[in-house]
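Enquirer: What follows is each chain in one-letter form.
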Amino acid sequence: MRSGLFLLICLIVGGGVFAAALALGNDYYFFAGYVVLQYVVLATAWNILGGYCGYVNFGSAAFFALGAYSTVAIHRLTPLPIPILVAIGGIVSGFVGFGMGYLTLRLRGAFFAIATLALAVVLETLIVNWDFVGGSRGAYIVRPETIAPFGSYIKYLFMIMMLLAVGSVTIARLIERSRLGYGFATIRDDELAAEASGVPTLRLKLIATTISGALMGCAGAPFPYYIGYLQPSSAFGLDYAVNSIAMPLIGGTTSWVGPLIGAILLGSLQQIATVTISSAVNLLIVGFLLVGFVIVAPNGIIGLVHKYLQHRPDDMVGRRRVSTDAPEVAP
Amino acid sequence: MTGLLEVDNLGKRFGGFVALESISLSVRAGERIGLIGPNGSGKSTLVNCICGTLRNEAGSVNFDGHLLNGATAHQRTRRGLARTFQLPRPFASLSVADNLRIPLLYTVAARGGSHRSAKDLEARCIDLLREVGLDNKANRLPRELTQVEMRKLELARAMAAEPKLLIADESMAGLTHSEVEEILTLLKRLNEHGVTIILIEHIMRAVMSFSQRLVVLVSGRKIADGDPDTVVRDPEVERAYLGQ
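Residue numbers (numbering that gives the first Met the number 0), protein chains in the order written: chain P, 0 to 330; chain C, 0 to 243.
Keep in mind that a hint or two might mislead.
[As the list claims (entries may be wrong)] Derived Cβ-Cβ restraints for the label pairs, each shown as a range:
no. : chain 1 : residue 1 : chain 2 : residue 2 : range
1   : P       : S267      : C       : A117      : 35 to 43 Å
2   : P       : L106      : C       : S25       : 33 to 41 Å
3   : P       : G98       : C       : R238      : 50 to 58 Å
4   : P       : T124      : C       : R220      : 50 to 58 Å
5   : P       : R107      : C       : R238      : 50 to 58 Å
6   : C       : R238      : P       : A117      : 49 to 57 Å
7   : P       : P297      : C       : R238      : 46 to 54 Å
8   : P       : L125      : C       : G15       : 50 to 58 Å
9   : C       : G15       : P       : Y101      : 30 to 38 Å
10  : C       : S177      : P       : L268      : 54 to 62 Å
11  : P       : L106      : C       : G10       : 24 to 32 Å
12  : C       : H201      : P       : R1        : 26 to 34 Å
13  : C       : F16       : P       : F131      : 53 to 61 Å
14  : C       : F16       : P       : R105      : 20 to 28 Å
In short, the hints are calculated from the structure, not lab data.
All C-beta atoms in this analysis are idealised placements derived from N, C-alpha and C, irrespective of residue type, glycine included.
Extracted from the complex, chain P is given alone in its bound form (with noise of 0.2 Å):
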């Protein structure tokens, strides 16, 4: 399917979600929904770096934040419309993403996800230290109770995260099926093998942080709006971290349709036990199915499904089997 048609089909569906939630007439659905979303892209986002190259991102936290931070400190200046307000989030966290990836990148495996958890305590100690955006008390962020044509201001925000989830889904769709979604599948691989195939490892690994970075800053940018009253624990909060990795391993790491699963099921989980039993066992939730899911299915619902119909991980995700003349043997 080309992205174009992919890109509106996801728009279709995206509508058909805020239709349905309109129709329900109750604006808690779009104030979880906005989560749920908003989960969606950290956790596409995630999957870019950690998923399709392998390198596993502890930071998205401080990503995620850079978005929320650039939203404030801009809005202390001059307020802009959110979409302007995003798209700076994005670029703020991108170029952050890039300079982590430069610093980062020669590391591997473990001390590659303890450098970007290093890169969340400081930039969480520097937003604390820094009373521009409110500093350790908090920044509080009025956002308008209506705004036209949607009606109450939380429709708005819903959209926007609708916006954000389909442009990133599609992203990370495009990537899988390009030229670069191949560099990174073998830098997840095999780096020595991918450098020694003629593929440019440390560049495609920037373009892999700087991506995800961005798409992450783009999901807190907005989240001011949502929250009103930003301070840094809920901005840096450990649930950004552990549930934008948790949803891809859940999901599945290796197509763009495993974090989004992940993101759906596990937001949706949380969602239905914050109003049914207490927010604090959000984490707990996470806990015991990412221990479930490793040992269980560890390559995912995705992985599971491939299973169940026999089917080679390439033909789900978009990768083209080639037809030959011989006639194929059987595994």
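Chain P is fixed; fit chain C onto it per the hints.
Expert: What follows is chain C alone, placed relative to chain P:
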């Protein structure tokens, strides 16, 4: 006459251990060279320095008129220097055909090669797989291949980069007699198509039947370089292999 590959006084240390000491080697276009030496003699280190996996601390590597010192491994591959690995290193998550797609996408295309469209790429992958007898496994994953098929995939992937020089690092290790013959036939056919080949191997029968010239490394030093029949009778080579 300047060779295709000119290694001049190459030196490499790992801490206090001298892995390569002033190695010089000239390889002419179209040659078939055997590189032998006992375990730990520095053969793979030399290959790694030539291919850019390791950085040499002394000396220089010139390939096809270009000084390669400082060039990354992928830049060297794009210049026409391909290699296989001692232990096959396929891209595990990609199909056999897609393993060949990578050098076509990143090396041949970067050189401005003609295999641009998806259809062209696919046809070229199948041609290469047919050459090595893996066309019936094009859609399989590497883990489903046998040892000899894995070696063939490794060779096919190197061939996909359309190299001027191929360094085959122990491509026959662990193979049976007939499988060794299969790989040798492949390498000879490749050489007939104009690819210069350096074969690193412990199987002397294969090395002797393949090589036009034999280079011997011992303890990081080159101790012999010349006609294979003469080199294997060299007393210093005999000492290195059989002891005093």
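Enquirer: Run every hint past the structure and note whether it holds.
Expert: Verification of the supplied hints:
1. P/S267 <-> C/A117: 35 to 43 Å: About 38 Å separates the Cβ atoms of P/S267 and C/A117, which means 35 to 43 Å holds.
2. P/L106 <-> C/S25: 33 to 41 Å: holds (38 Å)
3. P/G98 <-> C/R238: 50 to 58 Å: holds (56 Å)
4. P/T124 <-> C/R220: 50 to 58 Å: For C/R220 against P/T124, whose Cβ atoms are near 54 Å apart, the range 50 to 58 Å holds.
5. P/R107 <-> C/R238: 50 to 58 Å: Hint violated: Cβ distance 42 Å, outside 50 to 58 Å.
6. C/R238 <-> P/A117: 49 to 57 Å: About 54 Å separates the Cβ atoms of C/R238 and P/A117, which means 49 to 57 Å holds.
7. P/P297 <-> C/R238: 46 to 54 Å: Given about 53 Å between the Cβ atoms, the range holds.
8. P/L125 <-> C/G15: 50 to 58 Å: violated (43 Å)
9. C/G15 <-> P/Y101: 30 to 38 Å: holds (32 Å)
10. C/S177 <-> P/L268: 54 to 62 Å: Between C/S177 and P/L268, where Cβ atoms are some 57 Å apart, the hint holds.
11. P/L106 <-> C/G10: 24 to 32 Å: At 28 Å between Cβs, range holds.
12. C/H201 <-> P/R1: 26 to 34 Å: violated (52 Å)
13. C/F16 <-> P/F131: 53 to 61 Å: holds (55 Å)
14. C/F16 <-> P/R105: 20 to 28 Å: Roughly 23 Å apart at Cβ, these two residues keep to the hinted range, so it holds.
Going down the numbered hints, you'll see the structure goes against 5, 8, 12, while the others check out.
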